[in-house]
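**Q** Now for the letters of each chain:
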Amino acid sequence: MTPTAIDYQIMWHRLIAVVEEQATTLIRTAFSTSVREAGDLSAGLFDRQGRMMAQAVTGTPGHVNAMAESVTHFLREVGAQNIFESDVFITNDPWLGTGHLHDITVVSPTFRNGHHIGFFACTAHVVDIGGRGFGPDGNEVYEEGLLIPIMKFAERGRVSDDLIRMVRANVRAPDMVVGDMYSLAACNEAGDRRLQTMMGEFGIDDLDGLSDFVIETSRKATHDAIAKVPDGSFANTLQVDGYDAPVQMVVRLDVAGDRLKADFDGTSGMSRFGVNVPEVYTRAYACYGLKCAIAPDVPNNTGSLDPFEITAPEGCILAAKRPAPVSVRHVLGHLVPDVVLGALHKAMPETVPAEGASALWNIQISARPSDAQSDLPNAEVLMFNSGGTGARPGFDGLSATAFPSDVSTMSVEATEHVGPITVWRKDLREGSGGAGAMRGGLGQTIEIEPRAGYDIYFNAMFDRVENPARGRDGGADGAAGRVELTDGTKLRSKGRQLVKNGRRLKLSLPGGGGYGAPGARDRAQVSADLADGFITWAQAKKDYGYEG
Amino acid sequence: MTSSSIRVGVDIGGTFTDVALEHPGGLATCKVLTNYSQPEQAILDGIAQAAAQAGCDLAAIDQVIHGTTLVTNALIERRGAKLAFITTEGFRDVIEMRSENRFEQYDLNLTLPKPLVARRDRFTLNERMGPAGEVLLPLAEDDVAAMVERILAGGYEAVAIGLMHSYANDAHERQMAQALQAAAPQLSISISSVISPQMRELPRFNTVIANAYVQPQVADYLGRLVERLRQAGVRAPVFMLHSGGGLISVETAAEQPVRLLESGPAGGAIFAAHLARGHGLDKVLSFDMGGTTAKICLIEDGAPKTANTFEVARTYRFKKGSGMIISTPVVEMVEIGAGGGSIASIDSMGRIQVGPRSAASEPGPACYQRGGEAPTVTDANLLLGRLDPENFAGGAIPLSTEAARRAVAAELTVSTGLEVPDAAFGVTEMVDENMANAARVHTVENGRDIEHFTMIGFGGGAPLHACRLCEKLGIEELIIPPGAGVGSAIGFLKAPFSYEATRGLFQKLDQFDATAVNAALNEMEREARAFVDDGARGAATTTRLTAFMRYSGQGWEIPVSLPHKVFENSDQKLILAAFEDAYRTLFGRIIDGLKAEITNWSLVVATVLPDVVKIARHDSGTPADANREVSFFDAARRAMVAAREVERTAMTPGKIVDGPAVIVENETTTIVTSAYRAIGQGDGSLLLRRKGEAA
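Residue numbers (the working numbering), protein chains in the order written: chain A, 24 to 571; chain B, 583 to 1277.
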């Protein structure tokens, strides 16, 4: 049977369900908390040329482009002649996968009637990869853990014992990590089962026609959307904290007809610490930001991603060179949409939001007995927290909400069962949203104290402490972040630090920038914000000229 | 209840109030329009109609069982009490900060649902419990007195109290509630340690707030209902179906209305469960499709799958995360925006999309000719020959094929170059794909294989779509029961009295403290039994115990069924084995070397259901007489096929019709595709089976 246009539409629809099932299988079976709680994974189907046909919509956009590109690396390294039925390939190379060693990518070729027709690929963040552990303090990628080059996890169905033994010997939680490698392979199999059923139902033996349909339809829709962006060259610079020195992120967008290029030339050089970003991850977040504003409805595939031509000069902090440390590449990565959207604003006013807190304020806490001789056990606690997003042309920013990542927080009650800490406060940070006709989202305040008998160490990886989120079109900046003790002692915003028993750590997360002149804000809104305590009386008077 | 008793089930839905009256002579059913200003009036009218049909006296009715979406509607439409929320200092914004994520990744203009209680009405107390219920910061009497003053000065109708770790120690919540009650006896007060005593502040706070928000209104409505029934001569006690699929007294319902949120849909699942038991089916997928949404539920061993949390009042295309997470026991259902009224459109890539926007019943599909211009699923079904324009709803609503064609042509063919029949086929295929995909994901999430399930399809839309859905899902057998249009109301009559008590009690399994667990379980059983005794004192009961467990370090728990017994410390082995079994079933493997822990407990006390009448299965028989030959578009064959049209009343037990066939009745139409055969069953159900290779 020759598929009709309607058949192709239905199959495309089904492909999305196929990759969602692939992702669901991974979320269910993976151990890693950041996969289950934060959706830090991705799953997709590729044709035999390595072009991505469909990708599951999951929690973090950081994998969008990264995974789309990865399969072509596998094809090149493995070689078409070495691809056999029931093979499974693997890597966690930050430059060929998704940007740091903690993400393992698994690619499984799929066959029909003995012919190789395509690949399933998936990526997940594992709980440990050896080395120093998850943190920015390494100076080379070698310190950050085990790097698995592109290789076969299984050949013709036979799993490589050598690889498994090597991994087990190099990570802190071998059962979980190796278990997650199997989960990755299993989710590709789940996707394949569903794909084969579909191909049987529609009577097709290869994916070529469907792939062309999906990719070309998406490519056209994306180019059509880009064509609506006015032509021109639009530049933007964003200064952020970095690890130990400020980082300039510079982008220039060149729009001509239905083509769009973004280049990060002029961006600061690499850091000595693990905040560097491999280019593939920069592309993922730059593309995500642009796509939200220009073509949000087009599903992710090679056709919808290709039209965004994104480059960064090798050696800048957004295109780090081997063997740079890249463990916490998410901090600067999360700030990339702010810089590209700022440039796009010059082409498309009244579309994009003001800057936001953007980078997650993850906090990894190690609770240790104050008395080293005591019997109290050590404990590790991980919290995900978000500041405010930037105000939009027509809406206030979102308070304490993750953008551009889409990561959930955990319950404080549950967290207090995990480790010996008391979270005394986790509430909105009054007055932290940038003033504007539309107000920036509020950040939040968190206070954490070690419980009796314990001190805590925490790994700070916080940004926007020195450089607040900027307002747009006359909107004011959001409040900058603060890292301190409740007694007023200032702490550093990056790196490992100690909070002794009896002290309380206080994190004040940044607010989002405002949009439009504060004087233009609806008076009823100012008065409502005041009644709700989102702004203070002093702000109402000073920023909004509000007299009651 | 004895078989000679008369019981009536009443389901108030968005459009219709359905009544099912069970009497010694059989079952009488009717539908009346829902009366929004006086919902109880529609109930009285409906009961009077049904009683007249059955020829019984109102005074002879023994039980009235009621379920309603009114509570959900009050939440969605924000028609609740003027409400204050009292919480722990530092946690004033839990309900506003939610999970801190976005439910739609690519929408820059996303807005989050507003919390039910504005920040100005949320107040904090300087107090704090620790995770083990230890007092970290005591609550001072002066602070309590000052809070009472504030609440009184604010003129609130209701107050919700939710303090940190109150599931582990409720002393501060009770102290605050007692002071308020003493100062203002008329004030409606809900406390989280009673309404939802489970770990995790967001769902617990949401739940106590939702309860307080609707409590005055629901109590008032139920009071009026009981009073009006009495005046009308109905002397029977009134019971309510709760979201978990059991009955509670009207008094309990008035105090804990949050337990009623999903009562209507739960009735549908109970209806399907009852059929599953009668037909001896242990793995069933219930599929309930109406005008706007479709609901899917797993029923295993005759019981609907239940959960401890769910989301209500989704604000954004039924998207997970766009509503309010509530933690009370509930029949677990997946709801998708797919129904007869779902509107089809073309997206930016020229693809047909269906739903979740719906033309609902007003203005309705284009073919109704009541002002609807948009093409809907019903319009597409009409164009594909699956509905008879002359005989829709028993001829009550004449359908215009021409209007349907115009709508499809105008909206779906111009930019795509498709022909009208192709576009109509695309619409029904897409909506069927949406439902099939949701069903498949739900079974995958529960670690089940959908191919091994039997589908039970009811609601107005299911008979049209269920057979195609089975083709897509690889399901071999489908049951279309009679009375499908009032399934929920019938389900109410099949529900046990039950109450589920829950408790947060965190323990690492290797430090399992049997004394503490037994004390908590005793208290939970006392609580649950008291509620069940309200409705069914002296009836035989069963208990069901569930521990919610996980590996240390994991973020969420899985339900683990345990024997209800007096535990000893050495039982940690038994519990671990049960956990590992459950884990393996869900995820395919266990993780060696990790420790397990328990977070929450749940104990259900339920009355024992009477044995169902087993329905003899007919697999073969004689061909049913056909009315005439018609034709419809068979999706799997991609072609119009000639089909026999058979009256549903002709499908008596053992009567067979091979697909392609159309089985017609007043309420709906059942499509039997070419790949299936329909066989009449003893209870009036249709069994649709995939034909063997030979056929």
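Worth flagging that the hints you see were computed from the coordinates, not collected in a lab. All residues carry an ideal CB built from backbone N, CA and C; glycine is no exception. Hints are supplied without guarantee of correctness; some may be wrong.
Stated by the list, open to error - Here are some of the chain B residues that sit facing chain A, going by a computed Cβ distance under 8 Å:
1) E1015
2) D1031
3) F1088
4) D1092
5) Q1093
6) L1156
7) G1175
8) K1177
**Q** Take the hints in turn and mark each one as holding or not.
**A** To see whether the hints hold, each was checked on the structure:
no. : hint  : in the structure
1   : E1015 : holds (5 Å)
2   : D1031 : violated (11 Å)
3   : F1088 : holds (5 Å)
4   : D1092 : violated (12 Å)
5   : Q1093 : violated (12 Å)
6   : L1156 : violated (23 Å)
7   : G1175 : holds (5 Å)
8   : K1177 : violated (11 Å)
Of the hints listed earlier, those the structure fails to meet are numbers 2, 4, 5, 6, 8, in rising order.
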